[in-house]
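Asker: For the sequence shown, my numbering assigns the number 12 to the initial residue and increments by one for each residue that follows.
Among these hints, one or two may not hold up.
Calculated lysine to aspartate or glutamate pairs in the EDC-like style (CA-CA distance at most 16 Å, straight line) [as the list claims (entries may be wrong)]:
(1) Lys611 with Glu595
(2) Lys580 with Glu405
(3) Lys388 with Glu353
(4) Lys580 with Glu543
FYI, nobody ran anything at the bench for these hints, they're computed from the structure.
These numbers were taken from a predicted model, which means no experiment stands behind them.
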Amino acid sequence: MSAPSRRKTERSEGERISSAVHGDATLGNATDWRLLAHILTFVRPHAWLLAVAGLVTLITATLAIWRPLVMQEVIDDGVLAGDSNILYRGSLLLLFLVMGEQLLVFVQTYSVQVVGARSMAQLRRRVFEHLQGLRVSYFDDQPVGRLVTRVTNDVDAILELFASGALNAFGDLIRLVGIVIVMVALDWRLSLIAFAASPVVAIMVMVVRRFSRTAFREIRGRAAAMNGSMAEQVSGMSVIQALRRESRAADEFDTINAAYRDSNIRAIKYEAMQDAAIEMVQSVCIASIVISLGYRETSFGTVVAFTAYLSQFFEPIGQLAQRLTLLQSAMAGAERVFALLEDTPPGFEDAPQQTDVAPDGDPAIAVAFERVSFAYKPDVPVLREICFEARRGEKIALVGPTGAGKSTVAALMLRLHDVKSGVVRVDGQDVRGLGREQLRTRFAVVPQDVFLFAGTVAANIASDLGGHDRIDMARVERVLNELGVLHVFASRPDGLETEVGVQGARFSTGERQLIAFARALYRDAPILILDEATASIDSETEAHMHKALQALMQGRTAIIIAHRLATIKSADRIVSFHRGRIVEQGTHHELLASGGLYAKLHRLQFSHAVGSPPVTDL
Numbered sequence: 012m013s014a015p016s017r018r019k020t021e022r023s024e025g026e027r028i029s030s031a032v033h034g035d036a037t038l039g040n041a042t043d044w045r046l047l048a049h050i051l052t053f054v055r056p057h058a059w060l061l062a063v064a065g066l067v068t069l070i071t072a073t074l075a076i077w078r079p080l081v082m083q084e085v086i087d088d089g090v091l092a093g094d095s096n097i098l099y100r101g102s103l104l105l106l107f108l109v110m111g112e113q114l115l116v117f118v119q120t121y122s123v124q125v126v127g128a129r130s131m132a133q134l135r136r137r138v139f140e141h142l143q144g145l146r147v148s149y150f151d152d153q154p155v156g157r158l159v160t161r162v163t164n165d166v167d168a169i170l171e172l173f174a175s176g177a178l179n180a181f182g183d184l185i186r187l188v189g190i191v192i193v194m195v196a197l198d199w200r201l202s203l204i205a206f207a208a209s210p211v212v213a214i215m216v217m218v219v220r221r222f223s224r225t226a227f228r229e230i231r232g233r234a235a236a237m238n239g240s241m242a243e244q245v246s247g248m249s250v251i252q253a254l255r256r257e258s259r260a261a262d263e264f265d266t267i268n269a270a271y272r273d274s275n276i277r278a279i280k281y282e283a284m285q286d287a288a289i290e291m292v293q294s295v296c297i298a299s300i301v302i303s304l305g306y307r308e309t310s311f312g313t314v315v316a317f318t319a320y321l322s323q324f325f326e327p328i329g330q331l332a333q334r335l336t337l338l339q340s341a342m343a344g345a346e347r348v349f350a351l352l353e354d355t356p357p358g359f360e361d362a363p364q365q366t367d368v369a370p371d372g373d374p375a376i377a378v379a380f381e382r383v384s385f386a387y388k389p390d391v392p393v394l395r396e397i398c399f400e401a402r403r404g405e406k407i408a409l410v411g412p413t414g415a416g417k418s419t420v421a422a423l424m425l426r427l428h429d430v431k432s433g434v435v436r437v438d439g440q441d442v443r444g445l446g447r448e449q450l451r452t453r454f455a456v457v458p459q460d461v462f463l464f465a466g467t468v469a470a471n472i473a474s475d476l477g478g479h480d481r482i483d484m485a486r487v488e489r490v491l492n493e494l495g496v497l498h499v500f501a502s503r504p505d506g507l508e509t510e511v512g513v514q515g516a517r518f519s520t521g522e523r524q525l526i527a528f529a530r531a532l533y534r535d536a537p538i539l540i541l542d543e544a545t546a547s548i549d550s551e552t553e554a555h556m557h558k559a560l561q562a563l564m565q566g567r568t569a570i571i572i573a574h575r576l577a578t579i580k581s582a583d584r585i586v587s588f589h590r591g592r593i594v595e596q597g598t599h600h601e602l603l604a605s606g607g608l609y610a611k612l613h614r615l616q617f618s619h620a621v622g623s624p625p626v627t628d629l
């Protein structure tokens, strides 16, 4: 295979892979009317402002049609007849018409664009709220860039309908009808020359519309792929640089960028062909009229007025064609936005908030798993017939090899996923019967991978599920004091008002985990989930926090997920998981004495500490 062919094959393969990872699935050919109906649901609250714009458009179209008639009178009865009064009066009227038309154009443009901005802001909010309500599993297979594109670029494409004046097509049609009537009244024979070209223009516009819609679909898909690639490359920049993959990353991005460029060029080509063809037809019509004037007699004012009308006749046709192109771009974006709203898997049905509901079962049981099975993917079970209970105030540790299902247990308690079979109960109630807020306010969680919000250290610690903005600084300091780490953050120049940066980039992994731990203490919830809570904290800090940890868990139910077994020796009960099943339960000493999975894990970890050979029979 030649070098150019090989490069072409590699590029096509790279584009295919990138499209599969970052792009969108092929969308159905949704009709424009259905998509416009969806858009109008967001426009409807601002219908009064759109009605104002429509009325102004009607007046503007009337003034535009009237203007050439004034020009005809000024030329025939004023200039050629030598009547200065008609000339001055007609000139003032023409000035008034032009100024009034431009003033009304401003009102109309401003009104339409305000409607667009408000409507699209509501659409973005609707898409964002929809994303928040989706199941967590949906995001496992969705590149971030693709979803960001739906909320930003695709909605902006719809906004172009308003910003570009595409909705002025109503006014263009009114002008077109009025111009036809006046042209026929002035000279029906000359009008036939202009009208004879209309079918040619209509056929050409329909052909271009078909191809431009496909091109704009490609543009939207390529934009999603490019945003997805950029999000992936930027988030993994440290790894890219560490592995010296800059050149390969640049080549991958260039493949996507070239595909996006080519799609834009195709759309530009169709639009340029359309504009050039309309201009050519207009020029031929004007030339034909000029030639026909050599064979018949008419007034000079009529010629000027008719020529002006002919220009106005093709102006709305050209604008309609351009706006139809913009409509295709907007419809391509609308297809993707409403496909996200309609075709994505539904989120959880949020149960209504409940008050004074009697628990179903022993009120002393805080958390219970009753024959729970779960799988992220069909036929790949993660949990199998899990049964265990956590009594109020009890400290339960979940241990086992990576992938045994420990973190999944925590996700099911919080109802980030729904069980496939069995029941998860919190305070005696099935989690599926509780409202999400009502359920999750009962938990304080310290995850393994800490996510920090934009803002200050204090704001991150005081972040509350209910969305309260007020920060109790005294409480923040008290929580940090209980942990014994107030000095870690107070020693910074801005203290607790220090900005955490993008995703906590200004803090070390251990410091981010300390913030997450303080957040859990600030929440003061009755059930505490510690998912590898001390994994990124050094041994000295961990030992310093031990007393505060004990105080925190006093009187609370604690679910501790841990690989470092030294941190769970004092747990009331240890539950060992292996391949999605519970294989043993008991205290630290009981499980060591039984010689089962926990004992093997314990020997495996602590044999390295004393220099013994590692255990390999796990």
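Asker: Do the alpha carbons of Lys580 and Glu543 lie within 16 Å of each other, as the hint requires?
Answerer: With a Cα-Cα distance of about 15 Å, the restraint between Lys580 and Glu543 holds, given a limit of 16 Å.
Asker: Do the alpha carbons of Lys388 and Glu353 lie within 16 Å of each other, as the hint requires?
Answerer: Distance ~22 Å between Lys388 and Glu353 Cα, so the pair is violated.
Asker: Given the proposed pairing of Lys611 with Glu595, does the C-alpha separation stay at or below 16 Å?
Answerer: holds (13 Å)
Asker: Just to be careful, I want the Cα atoms of Lys580 and Glu405 compared with a cutoff of 16 Å; is the pair within it?
Answerer: Holds. Lys580 to Glu405 sits at ~14 Å (cutoff 16 Å).
The earlier numbered hint that this structure contradicts is number 3, and it is the only one.
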